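**Q** Protein sequence lines, in the order shown, are assigned to chains A and B. Quick note: the first sequence uses the numbering used here, first residue 10, plus one each step. Quick note: the second sequence uses the numbering used here, first residue 78, plus one each step.
The set of hints was computed from the structure by calculation and includes no laboratory data. Treat the hints with caution; some may be incorrect.
[To be verified] According to the in silico footprint, chain A covers these stretches of chain B (three or more CB under 8 Å from chain A): (1) 79-91; (2) 122-132.
[Stated by the list, open to error] The following label-pair restraints were derived from C-beta to C-beta distances: (3) A:G134 - B:A130: 41 to 49 Å; (4) B:Q103 - A:R161: 19 to 27 Å; (5) A:N147 - B:P96: 14 to 22 Å; (6) A:T37 - B:P96: 35 to 43 Å; (7) A:T81 - B:R88: 16 to 24 Å; (8) A:S40 - B:A130: 45 to 53 Å; (9) A:Q118 - B:E100: 45 to 53 Å; (10) A:C167 - B:P96: 25 to 33 Å; (11) B:A90 - A:I146: 21 to 29 Å; (12) A:C167 - B:D118: 17 to 25 Å; (13) B:I138 - A:T150: 31 to 39 Å.
[Stated by the list, open to error] Sample of chain A residues at the chain B side, in silico, Cβ under 8 Å: (14) L21; (15) A27; (16) I76; (17) L78; (18) A138; (19) Y157; (20) E163; (21) V164; (22) L165.
From a predicted model like this one, the values you see are computed outputs, not experimental measurements. We put the beta carbon where it would ideally sit given N, CA and C, even for glycine.
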Amino acid sequence: MPDDGQLWRQWLARHGPALGLFARQWVTTSSDAEDAVQEGFIRFWRARERTNNDVGYLYACVRTAAIDLSRTRSRQQEVDERAKTPDVARPFAEEQGDLAHAVESSLSQLPMEQREVVVMKIWGGLTFAQIGDALKINPNTAASRYRYALERLEVLLCHEVMRD
Amino acid sequence: MTDRGQQLEQRLARIRPRPLSAELHQNITDAIGDAPSPLADRCLLFAIGSGLAAACVIVSILFLQYPRAGGSVRPWPVTSGVPHFSDDQIALAQIDPRFP
């Protein structure tokens with residue numbers, strides 16, 4: 010059985026990239042997304058024994074941290090300053106090219122409640138029950154949001170690809 | 078879900094999110110890498126709880142024993158039974174039937 014130090018590394022290796030993408034749905038830069046992941050992951054790790062849905066709770070912690078950070082940023086009016094310097098770090102791995110850019114652009118056009126479900130399901134690999142637990146919604150609601158999101162994504166991606 | 082939906086799902090899943098930076102790993106290591114594990118926390122809480130329970134038992138035993146020890150010792154000064162200066166005269170007077 011891995012010790013505690015190895016265990017959190019395994020958790021971060023397994024969920025880290027998806028969590029980064031998840032946090033990026035609320036914040037504008039990759040550094041803010043990493044800050045949210047860091048904050049949420051530490052909060053999760055210290056309290057993980059109190060929950061029976063580890064993965065859902067991890068996403069809930071990162072979500073809360075990202076929302077808090079986005080509110081802080083808008084209060085500090087740093088968004089304008091940061092927007093002046095473009096964030097070169099894209100949410101998807103660079104080598105994946107145009108399709109990744111098209112997905113990023115299409116995702117950003119979805120309503121937030123659909124976006125978060127899509128990221129948790131596709132890149133996080135969570136079940137609808139886990140998603141429902143993390144977002145405090147019924148699993149059936151999570152499933153229907155996901156279905157609507159996929160339908161919309163399909164249309165948006167067609168437009169993006171045709172535009173390119 | 079439709080076949081098209083599943084195909085799209087699979088295509089999207091093949092796109093990998095950006096890995097987290099080494100700096101983030103370091104920050105988390107600094108924050109929780111050496112922190113005591115929840116198991117250690119539980120052991121500490123168990124030890125503290127056991128100590129408190131033991132202290133409660135000791136205090137309870139002392140409280141239970143104190144009244145017994147105190148009950149055998151009469152408080153001092155004892156006023157009843159101590160003869161007074163005029164007690165003998167009152168006793169003699171009480172023998173006299175004319176005394177009310």
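**Q** Against the earlier hints, flag every one the structure doesn't satisfy and list their numbers going up.
**A** As far as the earlier hints go, 2, 4, 5, 6, 7, 9, 12, 13, 16, 17, 18, 19, 21, 22 are violated by this structure, in ascending order.
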